[in-house]
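Q: This is what each chain is made of:
Protein chains: 2
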Amino acid sequence: MTSVFVDISCSLDGYVAGADPRRDEPLGDGGMLLHEWVFGLAAWRRPHGQEGGEQGPDSDMVDAMQERHGAVVMGKGMFGGEPGPWGDDPWRGWWGDDPPFNEPVFVLTSHEREPLELGGTTFAFVTDGIESALDQARNAAAGKDVLVAGGASAIQQALRAGAVDDLTLHVVPLLLGGGVRLFGDQRLQLELTGMRASPTGVCHLSYKRV
Amino acid sequence: MTSVFVDISCSLDGYVAGADPRRDEPLGDGGMLLHEWVFGLAAWRRPHGQEGGEQGPDSDMVDAMQERHGAVVMGKGMFGGEPGPWGDDPWRGWWGDDPPFNEPVFVLTSHEREPLELGGTTFAFVTDGIESALDQARNAAAGKDVLVAGGASAIQQALRAGAVDDLTLHVVPLLLGGGVRLFGDQRLQLELTGMRASPTGVCHLSYKRV
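Chains as they are written, first to last, in the numbering used here: chain V, 1 to 210; chain X, 1 to 210.
These are computed hints drawn from the structure, not numbers from a lab. Wrong hints could be hidden among the right ones.
[Stated by the list, open to error] Restraint ranges, calculated between C-beta atoms of paired labels, are given here:
id	chain 1	residue 1	chain 2	residue 2	range
1	V	Pro-47	X	Arg-196	48 to 54 Å
2	V	Asp-185	X	Arg-196	26 to 32 Å
3	X	Pro-47	V	Asp-135	52 to 58 Å
4	X	Arg-209	V	Gly-56	24 to 30 Å
5	V	Glu-191	X	Pro-26	23 to 29 Å
6	X	Trp-94	V	Ala-64	44 to 50 Å
C-beta atoms are modelled at their ideal positions from N, C-alpha and C, and glycine is treated no differently.
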């Protein structure tokens, strides 16, 4: 059965982006520090068109995660659209003409828009909420799982819908002191299913729904 | 040299107490769930005058932590004093006539009060701030280390003063969804020094200041 999962980096104080996210610094102040552990990995470099990179347990973990999902759900903020209607020259995402997904991506938004095909990636824009986006993603995933990639609001909506089967946090040894918090006001019991420390000091913690 | 350290349980979403802490539920809604992993341990039961309990790595860890410190700093909220002056029948702490500390405890407060001796524990009340409390605790620790026990505000003050040498979090697999957050608005780089999962699903993460 198709699972829905979350896999995201956060600071030890629970932020997935720093304060003041903006067009030239979409992850806000210090937010890029949450992802430094991943940029050097072979598993990250390959889908981004770069050669080489580090092999090892972290790269294998990222490879397995990428292999696992057949569709992605994300919020409009992560896609990078401005608030308001899409306009005449609509935003095409942060990733240029060949986004690294190569699978269907469902973007939560309140503004309708025709699907956008870029390289092997199709962005579909979903205006009727998280449950609809997850249903469409499950159907599109071709037997694989669905990744709720972010941001925090999309993840919180999926958690609140009771739709998240498991969740992996990559906890970066850093207090950001402010920004976008991963979790909202939901109370939830989880079960630890795995943990591993990376030489970078990042703790990879995996949980499933009880 | 005497180190200052923090050792505290928190939820996966970063709370050390639930919402609405009150006299009959001092840890707020659901806050006691953060400490269930410790109540059954031999290392917790012994200083609380109870026999038996579970032996093993968690109990050994708590034993080593207790053995490590020779003085404690805590906030007035953790001691349990009401806001405002102490009054004619001043609060004597949550722990009855024989508190489990058996060492000097320094309570941060804005209201002066004579020291209180209960069993082997002396509570001293410090009105001139965290740095003074830490200095007094260092002097009283007899060569051992100083534990900043909580609550969140006392820990944040110690972090902000740059006084915390290392920090262990016991991350409970639970989203509380609200309450008292451990960390404040401070930005800080840390270094992971240890991690271990307990069979209870609690992750013990240790960090030191970079």
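Q: Hints first: check each against the structure and report whether it holds.
A: Verification of the supplied hints:
The supplied range of 48 to 54 Å is broken by Pro-47 (chain V) and Arg-196 (chain X), whose beta-carbon atoms lie about 33 Å from each other. The supplied range of 26 to 32 Å is met by Asp-185 (chain V) and Arg-196 (chain X), whose beta-carbon atoms lie about 30 Å from each other. Between Pro-47 (chain X) and Asp-135 (chain V) the CB atoms are about 54 Å apart, so this pair conforms to the stated range of 52 to 58 Å. One distance hint, 24 to 30 Å for the beta-carbon pair Arg-209 (chain X) and Gly-56 (chain V), holds here, with the actual separation near 27 Å.
Taking 23 to 29 Å as the suggested C-beta distance range, the pair Glu-191 (chain V) and Pro-26 (chain X) conforms, at roughly 27 Å. Checked against the hint of 44 to 50 Å, the C-beta distance between Trp-94 (chain X) and Ala-64 (chain V) comes to roughly 47 Å, which is consistent with it.
The structure fails hint 1 only (numbered hints given earlier).
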